[in-house]
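> Okay, here's what each chain looks like letter by letter:
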Amino acid sequence: MIETVTRKRIEILADKALQRRVTDAIDRIGITGWTIVPVTSGKGREGVWREESVMGTDKVLVLTIAAEDKAMALAEELAPMLTHLGFVLSMWDVQVIRGERF
Amino acid sequence: MIETVTRKRIEILADKALQRRVTDAIDRIGITGWTIVPVTSGKGREGVWREESVMGTDKVLVLTIAAEDKAMALAEELAPMLTHLGFVLSMWDVQVIRGERF
Amino acid sequence: MIETVTRKRIEILADKALQRRVTDAIDRIGITGWTIVPVTSGKGREGVWREESVMGTDKVLVLTIAAEDKAMALAEELAPMLTHLGFVLSMWDVQVIRGERF
Amino acid sequence: MFETAIQTFTSPVVLFFVLGLFAAFARSDLAIPEPIAKAMSLYLMAAIGLKGGVAVSKSGVDVTVVSALGAGIAAGFILPFFAYGVLKTFGKLDRINSGAVAAHYGSISVVTFVTAVEILTGQSREPGGYMVAVMAAMEAPAILSGLLLARGMGSKAGTQSTGEMLHEVFTNSSIMLLLGAFVIGMVGGEVGFAPVSPFFEAGFKGVLCIFLLDMGLIAMRRIMESRSITWRLGAIAIFLPIVNGAVGTTLGVVIGLDAGSAAALGVLCASASYIAVPAAMRLALPDADPGIYLTMSLSITFPFNVLINIGLISALAASLTGANGAMQ
Amino acid sequence: MFETAIQTFTSPVVLFFVLGLFAAFARSDLAIPEPIAKAMSLYLMAAIGLKGGVAVSKSGVDVTVVSALGAGIAAGFILPFFAYGVLKTFGKLDRINSGAVAAHYGSISVVTFVTAVEILTGQSREPGGYMVAVMAAMEAPAILSGLLLARGMGSKAGTQSTGEMLHEVFTNSSIMLLLGAFVIGMVGGEVGFAPVSPFFEAGFKGVLCIFLLDMGLIAMRRIMESRSITWRLGAIAIFLPIVNGAVGTTLGVVIGLDAGSAAALGVLCASASYIAVPAAMRLALPDADPGIYLTMSLSITFPFNVLINIGLISALAASLTGANGAMQ
Amino acid sequence: MFETAIQTFTSPVVLFFVLGLFAAFARSDLAIPEPIAKAMSLYLMAAIGLKGGVAVSKSGVDVTVVSALGAGIAAGFILPFFAYGVLKTFGKLDRINSGAVAAHYGSISVVTFVTAVEILTGQSREPGGYMVAVMAAMEAPAILSGLLLARGMGSKAGTQSTGEMLHEVFTNSSIMLLLGAFVIGMVGGEVGFAPVSPFFEAGFKGVLCIFLLDMGLIAMRRIMESRSITWRLGAIAIFLPIVNGAVGTTLGVVIGLDAGSAAALGVLCASASYIAVPAAMRLALPDADPGIYLTMSLSITFPFNVLINIGLISALAASLTGANGAMQ
Ligand SMILES: Nc1ncnc2c1ncn2[C@@H]1O[C@H](COP(=O)(O)O)[C@@H](O)[C@H]1O
Ligand SMILES: Nc1ncnc2c1ncn2[C@@H]1O[C@H](COP(=O)(O)O)[C@@H](O)[C@H]1O
Ligand SMILES: Nc1ncnc2c1ncn2[C@@H]1O[C@H](COP(=O)(O)O)[C@@H](O)[C@H]1O
Ligand code: NA
Ligand code: NA
Ligand code: NA
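Residue numbers (our numbering), protein chains in the order written: chain U, 1 to 102; chain F, 1 to 102; chain X, 1 to 102; chain E, 1 to 328; chain B, 1 to 328; chain A, 1 to 328.
Because the hints were derived from the structure by calculation, they are not lab data.
Since the structure is predicted, the reported quantities are computational estimates derived from the model, not experimental observations.
A portion of the hints provided could be inaccurate.
[Said to hold, decoys possible] List of simulated lysine-lysine pairs, BS3-like, C-alpha gap at most 30 Å:
1) K16(X) with K43(X)
2) K205(B) with K43(U)
3) K43(X) with K205(A)
4) K43(F) with K43(U)
Generate coordinates for the entire structure from the input sequences, incorporating the hints supplied.
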């Protein structure tokens, strides 16, 4: 049977305009990659938002897979932005194949 | 090290036309927010579908993060729609920062 | 309280042009369905990519929910493509309602 | 008849539709991006609404217009009952799906209408501008009849109230845009329309080509993957447009419309909605199967109307009004 | 005045905006797909830039042009200080939000300008082509003033350097496209423009209709869901365009512009940005609340300007320059 | 030569391309939404196909047309072998990547062709309408040669059968649309084309401007982020279009084409595909690196052709046919 290893999957909901702050943090910590998933609307404590690219209210979901230590370092690095800029971060354990890649 | 707490992440695949039924249920139960992720096609027991916005066959993924009790209440609330309208629901434990927010 | 069962959720990041190779594998193994989530850009060992549909550099996220044995069979089936074509696969346990469906 | 067919099949609008059917059949990956398809449908609604409004602002509202409107609305209410009977008995559909499909056939397809106007105009039988108003008026009534049929007398708990339902029908995006643009056309008149006419008029047929290309792709893909269409339903999807088309055309001639306008009324009756009504059904009858109503209306009736039935209806209108054949 | 109002409300451009407001108010699901809305805004920028560039390539740069540019740039720098004061004291906003909103009101709205040009042209008061250059020049200065005000003297750690900020302002997609197209128009001149004019000129007003339909939808939805707008902020969103419009128009007349161009300068001062400045603020002042600045500029000031204030400004310009009322 | 360069650089089409290159270089966030870019490429295919079909329906098929088609197809088959040799030896690429890149250079770029037609027409050297047919015929042959080269004799297990491969080449969305529209143009002729010409003809150059703006953005971003392009590959991406362009132009003159058509054949040989062939390669050679073939064809060869090589080829064609310089 194929061998899998456990890694952390982290997803961060962030303003598209500030996406680079998140991906730069990922790069800085030395995680191998990330992928952007579009989102179109949502609701939070500050009310409803909708993707309106003309006005630049868009958000994105940044997803990245990393070893536990790097994942925690990323969470640490992003924590101020979470409070400050209204980002949402969640992470959980996943099994991956070719673990040396992440 | 930064402190994380455990919450449930719930994702519901629903018809875009009926998205409000899902988000209304989330609001009713008192979960703080939700986010919509677009999806473009799929296959299930009823065959293949494709996003065709002219004809209104689109679906969306509603994602919401909540404490376990509210998550279960939401699942309970949505259960009839799942069977009835062909929605798909999955949920799992995630770690979040600033748990008081969810 | 509503009853849930545990299933595997598998997400595969693949080139859109090669999406059918993944969904054909899912069908072959007898998993009941799949759903396509769009992605817009990313970074990996081979650098940055962006969704450029004119040139066909798009990728997609194929998501499927299945019982553990079928999930492992799928991972096995896709393993060569992962290495070969730069796909990314992760999977984890989720709770679903109406488990007989998956 | 033969000349009509030739004309139909050398029109770029129809040829692009055929290209779409062919490309999907050959399993090409040709596809129009979703937001573009949606935008084209909005553009076509806005353009046709504007044009109709301007036409009515010029012609005014006379007896012919009022009787055409009355005939259209009546047909919209009544035709679903006939369709429902056929679907339930011969088609073997359950009540909910019969009602949903009946609503589609009682309502109208804007694109079929527009294509018919193209073809009729090419035969020197341009329908009156007020027929756009008739079309707009025919969108909603069948939805109400269809829902009545689908829900029966004792409507279940959990379903919408009639108020909600009416709200959804009239705020449906395509109905809202069509009627809104119609009013704008009437208020602005020809003078107001002039500066926007290069966009809404000159571009119209080109956009229609690309939209029909997409509809051809979608219609063919849908039928190739369909699991829910029996031969009985396929037969009904051909039978209803023939009967409804003949009924509508005759009705038009009886109330005194010219050949072109009577044919247009026939096409409206023959056509089945695949934009406004499906959207309404997703909300009002989520249990009905889109795999049935969309496949019947878009994949069978729509191509049948565009490629064959418009020609038949035009010929019928000509013979009933005593006008001689095409291209006099 | 009355005739002006009639004219405004029979223009399809304005009527589509009203349709958007109405449809959103009626909770219709009408929506323009996102990529289309974005593409239309890019199209409008490119078209208006090209047109302005071609106009300047024809007219050349004379004293009037230079003084109009100077007046516009000065207004862009100065108006935010006034707005900031009002927002901070009467509006009760904090420093960051006051600065962010002030930047919006000091900068300009391309679509308001374009709509004003439509309306003024309909009144035989077409502004000079160089006013597009003035508009382009007025986009950025207010952003700098607003950031200065928002950040105060001791700018916090973690915020951008001035260099980064300037880079972001000038590479902002709408400013880049507007200026780029302006230069292309100047380089290519009328001869270069001719082959692309069917696309950029003939289609312009139609695209503007659909874009305004969308802005109407978004503006109304935004205000219906807004949680951050107090009556004080609502009042400011009406008060500022009136004052700034009057100031700008007077300034235009003082420096010797014709009635149309002075009115255009007034509209530029009165208008509040909702494309370029919000984009810049998301990056430079991510703590500021878009629920405040977008709702004020797009949902209150923009409709007020389009439906009422352009008419007022035009009348003011006419009376100040001694030209008689509309439609001489 | 000098006048040609001036002309090239005052054409809005070229200037928008330069604006795209510049904006990406300045790290602006300017971007055309994805579905719009895709739709524009489909529009350009449909428009050029239609136009070519109408042209051939008028001119008919004579000896010139047949020999141009023959020359084009032969070039499409043969040029990849030369390119493969250069890429494998001088370029140091492996077999698979050499084959993939060779396919791109043997096939054609529709947008380069269209831009060349713009420029040549501006020099009163409009190529014959049948050159569109030649272009369409040249899309596929090089894909076959390239795959043959990449896979060598013993094609591996797991790869596609030849049947599948041919199916994918001919159902490729751009080839399908180009050929389909060509046939529609031929069937409909000028009469059929007239009603859709405002959309497909009047709007053409404007759409081309925006499409080239986007290609400029993408080309520059791609090369700035590229990791796989060595100086050797960069040199080849300039060398191949020069050689292929000269070969193609000479071939055109030899078989008796006029200066414009010979130059067009040269441009077709010089151009490298970045729409149809990459799509085919993703499927047929998924192991080949798009970071190599797309960066070479789109980021180096395409700008080189548009900004410089079209001018060179036009001058060569003029001197070979004895026509004097530009703008006689
Ligand atoms: N509990 C939640 N579950 C999912 N998404 C959320 C949740 N809370 C907030 N969000 C998302 O985060 C965005 C910003 O949240 P907030 O800062 O609370 O307004 C919201 O608009 C949602 O898209
Ligand atoms: N096992 C599965 N994994 C992922 N998505 C699924 C699965 N089953 C169904 N779906 C999604 O749910 C939709 C409706 O499913 P169904 O009602 O079974 O046709 C499908 O078209 C898929 O998009
Ligand atoms: N650690 C990661 N986390 C999330 N996505 C990744 C990761 N590594 C790679 N990817 C995605 O997979 C794509 C291909 O990766 P690669 O083959 O390493 O270039 C990247 O462009 C990303 O979109
Ligand atoms: Na009907
Ligand atoms: Na202003
Ligand atoms: Na070539």
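> Hint check: K43(X) vs K205(A), CA-CA at most 30 Å. Holds or violated?
This hinted pair is violated, its Cα atoms lying about 35 Å apart.
> Against the 30 Å threshold, does the CA-CA distance of K43(F) and K43(U) hold or violate the hint?
holds (29 Å)
> For K16(X) and K43(X), compute the direct alpha-carbon distance and say whether it is at most 30 Å.
holds (16 Å)
> Can the restraint linking K205(B) and K43(U) be considered satisfied, given a maximum Cα separation of 30 Å?
violated (35 Å)
When held up to the earlier numbered hints, the structure conflicts with 2, 3 and fits the remainder.
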